[in-house]
Amino acid sequence: MQTADKSTITADGLQALLDALGKRGYRVVGPTMRDQAIIYDDIASLADLPKGWTDEQDGGRYRLARRDDEALFGYAVGPQSWKRFLHPPILPLWRAKRDGEAIEVRPEPATDECFAFIGVRACELNAIAIQDKVLLGGPYVDPDYRARREGSFIVALNCSKAGGTCFCVSMNTGPKAEAGFDIALTEITDSSGHRFLVEAGSDTGRDLLAELPQHPASAGDVAAADVVIAKTAASMGRQMPADEVRDLLMRNLEHPRWDEVASRCLSCANCTMVCPTCFCTSVEDSSDLTGAESSRNRRWDSCFNMDFSYIHGGSVRPSTRSRYRQWMTHKLATWHDQFGTSGCVGCGRCITWCPVGIDITEEVRAIRDSEPDRKG
Amino acid sequence: MEGLEGIVGEHRFFAGLDKAFVNLVTGCAKNVRFEAGQYIIHEGDPADELYLIRHGRVALQITSPGRGAMTFQTLGEGEIVGVSWLIPPYRWSHDAKALEQVRAISIDAKCLRDKCEADHDLGYEMMMRFVPVLVGRLHATRMQILDVYGASH
Amino acid sequence: MALLTETPVPPPPARDPMLPRIARVREVRADVPEVFTLEVELEEADRAGLAPFTPGQFNMLTVFGVGEVAISFSGDPAEQRRLVHTIRAVGPVSAALTRLRPGDALGLRGPFGAGWPMAEAAGRDVVVLAGGLGLAPLRPALYRLLAERERYGRIVLLYGTRSPEQILFAGELEDWRRRFDIDVAETVDHADPDWRGHVGVVTTMVPRARFDPANCVAFVCGPEVMMRFSVNALRDAGVAESAIYLSMERNMKCAIGFCGHCQFGTVFVCKDGPVFRYDRIGHLLALKEF
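Protein chains in written order, with the numbering used here: chain A, 1 to 376; chain B, 1001 to 1153; chain C, 2001 to 2290.
None of these hints come from the bench; they were simulated from the model. Glycine included, C-beta positions come from ideal geometry on N, C-alpha and C. It cannot be assumed that every hint is accurate.
Below, simulated EDC-like cross-link-like pairs (lysine to aspartate or glutamate); rule was C-alpha separation at most 20 angstroms, straight line [stated by the list, open to error]:
#, chain 1, residue 1, chain 2, residue 2
1, A, 6, A, 254
2, A, 97, C, 2044
3, A, 133, C, 2194
4, C, 2271, C, 2016
5, A, 231, A, 337
6, C, 2288, A, 247
7, A, 97, C, 2104
8, B, 1097, C, 2043
9, C, 2288, A, 226
10, A, 133, C, 2272
11, C, 2288, A, 260
12, C, 2288, A, 254
13, A, 23, A, 150
14, B, 1110, B, 1045
15, A, 51, A, 41
16, B, 1097, C, 2104
17, B, 1115, B, 1005
18, A, 6, A, 211
19, A, 97, C, 2194
20, A, 176, C, 2006
21, A, 97, C, 2039
22, A, 97, C, 2272
23, A, 51, A, 178
24, C, 2271, A, 259
25, A, 6, A, 226
26, C, 2288, A, 259
27, A, 133, C, 2016
28, A, 6, A, 178
29, B, 1097, B, 1035
30, A, 161, A, 226
31, B, 1097, B, 1147
So the derived list for chain C, only partly shown, Cβ under 7 angstroms to chain B, looks like this [to be verified]:
#, residue
32, 2162
33, 2164
34, 2182
35, 2184
36, 2185
37, 2189
38, 2191
39, 2198
40, 2201
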């Protein structure tokens, strides 16, 4: 067991980490309680974290509850994901100004904010990697996403509690953070004391870690951390029958299950808003009354919106059935063809935040189970 | 009738037809010519002949008061004018007018119907050739009435 | 956990792909009812880094304060300063575009998309099958084909539209009809009493056209229904599915593969298309509401 690169820090060490990041000019954001949910926002001290709180999640259900300890990260994920900062809901793109006959278009400058994300889960690291592929890995590069991504510092957190709708294990996206972070923490609250196992994942992370008060990790610390992660892995709320989902869905595009789920789906678009990999956007042009100044904003959009697929005279997907099918087949099937991976990271948000509790793992299971045994 | 048999046998419509059947069909056939503007068939007339176009263009039309003659289809070389001879009451359901000089093989419909009745194998060969024409026209007509190029594209 | 992919942060793009260049309207020509052809020219200061367009590509045109819409190039690719677009007013942005007058400014982003595969056509017969306004994205291909005539076999243009007054680029078609190195056949769905030409859907002209189905490419553009039926007609005539190319259309908000709107199953119409080889998307075309 490799203990050489690992150390432990206490809560003081964690506060020192937040302070150090702040001093280096990062905008530090992390989990905090608001409106009876745990969301991501600016945090300055440990007091901003949901200490001693946990969440109870199920299909269409989210409640906060008190824990019997003082864990700082004893909950799963909430309605927001880090795309709120990396791929913001509203982004001004450019302004155009008329001056007589002349007209000039000025781009809105890319952000100069550098974010430090505190408590990024393994599923979220994968979600960020998936959005990187979409927005940075193709023939075109999103300059705003690129700037935000380049400037970001990621403090990952190995989950000590699986959420009621989590299924990262069956999606092979967690619960242990293995790459894509600057620093990774595992919170341990056993008899040896409240501490965090820490490891660096990058040179920037290593530099920062060196400034913090810490102790080298003992074999016992490492084992305790492993136990935490193993316990989380063993208590997933859901499971995705993930074998060959792509082919399963693409050969069942007219399956009666789509009608069944459409009778429940409200086409409310919640799932796309909370999903950490959904990236669809639209643009809005506006101008002042004189037409002298006009501008374009980019904003989040959803394939569940009726006019998402509008072309001359009507929508290509006018029915809820076709729009639900579009979302699910994109997320689990055609994403593979487009970007080489699944679009789903098993975070369970779409299940929790669906007002009628539609469960994407259950939908896949229903279609799979309806097929005659394909083995042998 | 050597020359006519060759002409009938060579027409695209009879491609692959057994020589003996070509012979049978030729027995009902003759060469015809229409000048530009001449009517080939009239709506309501007995469907006594069908025409295999060898050269020239024909407009299929229906005339109505106030709107005059409306062309719903044009046909050309290799194509067939007249399908109503196949089914009772054997009456033409539209006009056909030569748009330019038209040379065609005219086939006596009653003669052909009688020969098909006498020899069902000939009848089968004829059906296998006419049915695709009907199906193709049906599909094309459907597209026409869908007005796919309508106001919105 | 396996981190699914790791994408290195690329350098910032030389130019923000969402930023429009400024262009000026040079000429507006009315064509068939509600259809206008706009010729625009980029302001000198905004020409830097502009790629030449190829037949089948499109631009995103902005009317400042109104919005942006995808419009195909419809002009001669040998002329890269005057950029020609043929537009029908079907919504607020396209309607605003058709109301622009010479001297007015508009925003332009592009060229975007995969165009007609001219290289594939070399040495083969080329069947150009256009329906309605679909002739506009095909016109650049026709200009290129005729400009390098010796590279290709027979060239056949089959053009179908609703009625005689809906025939686009009528003057040009007339010129092409008079040439001996291209076969041009037009047809209408609904004739008027003066019409002496073909009547019937454009697919009926495929069996009448003279080309070698075993050695050709077909470029098809028009309403999706018309394209599906055209593919059937071409297939019936013996053309391989791998020799048929369609130009698809879907809702677009960015044209660079980010907004997600133009997705058609596995492909993004903006960057994988709009021109697709039929055998790549044929199975998707058969699906309803996909």
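Contradicted hints - numbers only: Of the numbered hints given earlier, those the structure breaks are 1, 3, 5, 8, 9, 16, 19, 21, 22, 23, 24, 31, 33, 34, 35, 36, listed in rising order.
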